[in-house]
Amino acid sequence: MLIRYLSQIGRYFLMLKEIFSKQTKWSMMRNLIFKEIDDLIIGSLGIVAFISFFVGGVVSIQTALNLTNPLIPKYLIGFATRQSVILEFAPTFISVIMAGKMGSFITSSIGTMRVTEQIDALEVMGVNSLNYLVFPKIIALLLYPFVIGISMFLGIFGGWLAGVYGGFTTSTDFVTGAQMQFIPFHITYAFIKTFIFAMLLATIPSFHGYYMKGGALEVGKASTVSFVWTSVSIILFNYILTQLLLGS
Amino acid sequence: MIEVKDVEKSFGESKILKGVSTVFETGKTNLIIGQSGSGKTVLLKSLLGIHQPEVGTISFDGRIYSDLSDEEKRDLRTEIGMVFQGSALFDSMSVAENVAFPLKMFTNKSKSEINDRVDFVLKRVNLIDAHNKLPSEISGGMQKRVAIARAIVNNPKYLFCDEPNSGLDPNTSILIDNLIKEITEEYNITTVINTHDMNSVMEIGEKILFLKNGIKAWEGTKEEIFRTDNEAVVAFVYSSNLFKKVREAHLKGY
Numbered sequence: 001m002l003i004r005y006l007s008q009i010g011r012y013f014l015m016l017k018e019i020f021s022k023q024t025k026w027s028m029m030r031n032l033i034f035k036e037i038d039d040l041i042i043g044s045l046g047i048v049a050f051i052s053f054f055v056g057g058v059v060s061i062q063t064a065l066n067l068t069n070p071l072i073p074k075y076l077i078g079f080a081t082r083q084s085v086i087l088e089f090a091p092t093f094i095s096v097i098m099a100g101k102m103g104s105f106i107t108s109s110i111g112t113m114r115v116t117e118q119i120d121a122l123e124v125m126g127v128n129s130l131n132y133l134v135f136p137k138i139i140a141l142l143l144y145p146f147v148i149g150i151s152m153f154l155g156i157f158g159g160w161l162a163g164v165y166g167g168f169t170t171s172t173d174f175v176t177g178a179q180m181q182f183i184p185f186h187i188t189y190a191f192i193k194t195f196i197f198a199m200l201l202a203t204i205p206s207f208h209g210y211y212m213k214g215g216a217l218e219v220g221k222a223s224t225v226s227f228v229w230t231s232v233s234i235i236l237f238n239y240i241l242t243q244l245l246l247g248s
Numbered sequence: 001m002i003e004v005k006d007v008e009k010s011f012g013e014s015k016i017l018k019g020v021s022t023v024f025e026t027g028k029t030n031l032i033i034g035q036s037g038s039g040k041t042v043l044l045k046s047l048l049g050i051h052q053p054e055v056g057t058i059s060f061d062g063r064i065y066s067d068l069s070d071e072e073k074r075d076l077r078t079e080i081g082m083v084f085q086g087s088a089l090f091d092s093m094s095v096a097e098n099v100a101f102p103l104k105m106f107t108n109k110s111k112s113e114i115n116d117r118v119d120f121v122l123k124r125v126n127l128i129d130a131h132n133k134l135p136s137e138i139s140g141g142m143q144k145r146v147a148i149a150r151a152i153v154n155n156p157k158y159l160f161c162d163e164p165n166s167g168l169d170p171n172t173s174i175l176i177d178n179l180i181k182e183i184t185e186e187y188n189i190t191t192v193i194n195t196h197d198m199n200s201v202m203e204i205g206e207k208i209l210f211l212k213n214g215i216k217a218w219e220g221t222k223e224e225i226f227r228t229d230n231e232a233v234v235a236f237v238y239s240s241n242l243f244k245k246v247r248e249a250h251l252k253g254y
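So the sequence lines, in the order shown, correspond to chains W and C.
Taking our numbering as reference, the numbering of the first sequence is continuous, increasing by one, and the terminal residue is 248.
Taking our numbering as reference, the numbering of the second sequence is continuous, increasing by one, and the terminal residue is 254.
Worth flagging that the hints you see were computed from the coordinates, not collected in a lab.
The beta carbon of each residue, even a glycine, is placed where N, CA and C say it ideally should be.
Some hints here could point you the wrong way.
[To be verified] Derived lysine-lysine pairs resembling PhoX-like cross-links, with alpha carbons at most 20 Å apart:
| hint | chain 1 | residue 1 | chain 2 | residue 2 |
| --- | --- | --- | --- | --- |
| 1 | C | K123 | C | K181 |
| 2 | C | K45 | C | K207 |
| 3 | W | K25 | C | K111 |
| 4 | W | K25 | C | K73 |
[What the hints assert, rightly or not] Sample of chain W residues facing chain C (criterion: CB under 10 Å; computed from the structure):
| hint | residue |
| --- | --- |
| 5 | T112 |
| 6 | E117 |
| 7 | Q118 |
| 8 | M180 |
| 9 | I183 |
Between the sequences and the hints, there should be enough to build the whole structure, so can you do that?
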């Protein structure tokens, strides 16, 4: 079992090396990158905006409902919403959701190409199929922090809207709290995490799709396995990065 | 010309190819036949470089595949056209984009030159009004013709076909067989076809390699296959009553 996992990890790193060898012609690659930006980044904005807005609102309401002591100032609602959204919700929670949305899309599209011999066709033609299929996804996901930036903004905005119009706090209190004790490094920390998660989101689902064997049923299984391992990796890296960047 | 010398290939404990040697000649349609599990697909995939034989060599016009660097192998692959059993067309691309793919990837031709070449090969495979259709919008026979067009668009020296007639009706099968044979002669390429279809053997088998349990059991031409008394070949090729009668008629000189 352990040997199998280690061998899979080794194979993953060999895949990473192969992705960057023998580049596809730039005129072809450019179009592939634009297509991936459309599929992975633009195609995710709607669901990210929806979830961020409403979860931001829920964080604000939950915080307000738990501040029952009259001595605790109401501006803490804005403070707690900002901290939750910037530090964890936007970078980590959204990435786990994207492991399901983007990850299953990547695994199933590459897996289907494997099953229908399209990857063999690329290889037989002399194309570096890993570079052709995975490199554009990695480049497209360099824009992932932009998605998370939108998620942060909408999460806090949703919190403000729910807090103020739900009657839990005033706009002034919420904004005061949202600006209180702001540490700029937290933004850096959040975007460092986001960048690492973006690389995991591009490569782990690609790995599971590329090396899958079998037919249509196995494509579905590979998508599920890919979601599990991408999520596990995100959670694990979240812990390690938090300890390294904030814990010391 | 492709020369296969003493090729052996195993998967785990199971030895699939047991010292196969043969020569696939240029300008001829070379067929690999044999029962399921005889090693046909493994031999074809070894020729394509998808499998690496443990023993033996495969050389393409004198270039021994295993001696080539990765870069040289990729360059060699640009000289290969392949028609997969399921066509393996890129389903996100139109017919014209599929055919243009090798040209865009490996040549510096202008857009108009590429369009001209795509028009020419699509016309060559009798597909003149399918340019903008997606693979899912055309029939299996048309998909096979698009796959052939894509395989020949970059003037390959070697053409490989894995079961080109599988899933096709008899008329379309004959059409595909004839098309492959014409293209082979027209462009003087080395064509290797992996097939189960005995009609193809009788129609276009200029050189036939019969594999049994990973061993070359027989080789010859379509004329020789009528006269052979090799028991394994006779049992395989003439397993149907129709072909038995065809053989008897042929031997009687009809």
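Hint-by-hint comparison with the structure:
1. At roughly 17 Å between alpha-carbon atoms, C/K123 and C/K181 fall within 20 Å of each other, so this suggested pair holds.
2. Taking the CA atoms of C/K45 and C/K207, the gap is about 19 Å. The hint holds against a cut of 20 Å.
3. Of the pairs offered as hints, the one joining W/K25 and C/K111 holds, with about 15 Å between alpha carbons and a cut-off of 20 Å not exceeded.
4. For the given pair, W/K25 sits about 18 Å from C/K73 by alpha-carbon distance, which is consistent with the 20 Å threshold.
5. This hint holds: W/T112 has a C-beta 8 Å from the nearest C-beta of chain C, less than the 10 Å allowed.
6. Here the hint on W/E117 is kept, as its CB sits about 4 Å from the closest CB of chain C, short of 10 Å.
7. Hint on W/Q118 holds. Least Cβ distance to chain C is approximately 5 Å, under the 10 Å limit.
8. At about 50 Å, the closest approach between the beta carbon of W/M180 and any beta carbon in chain C exceeds 10 Å, and the interface hint on this residue is violated.
9. A least Cβ separation of about 45 Å between W/I183 and chain C goes past the 10 Å threshold, and the interface hint is therefore violated.
When held up to the earlier numbered hints, the structure conflicts with 8 and 9 and fits the remainder.
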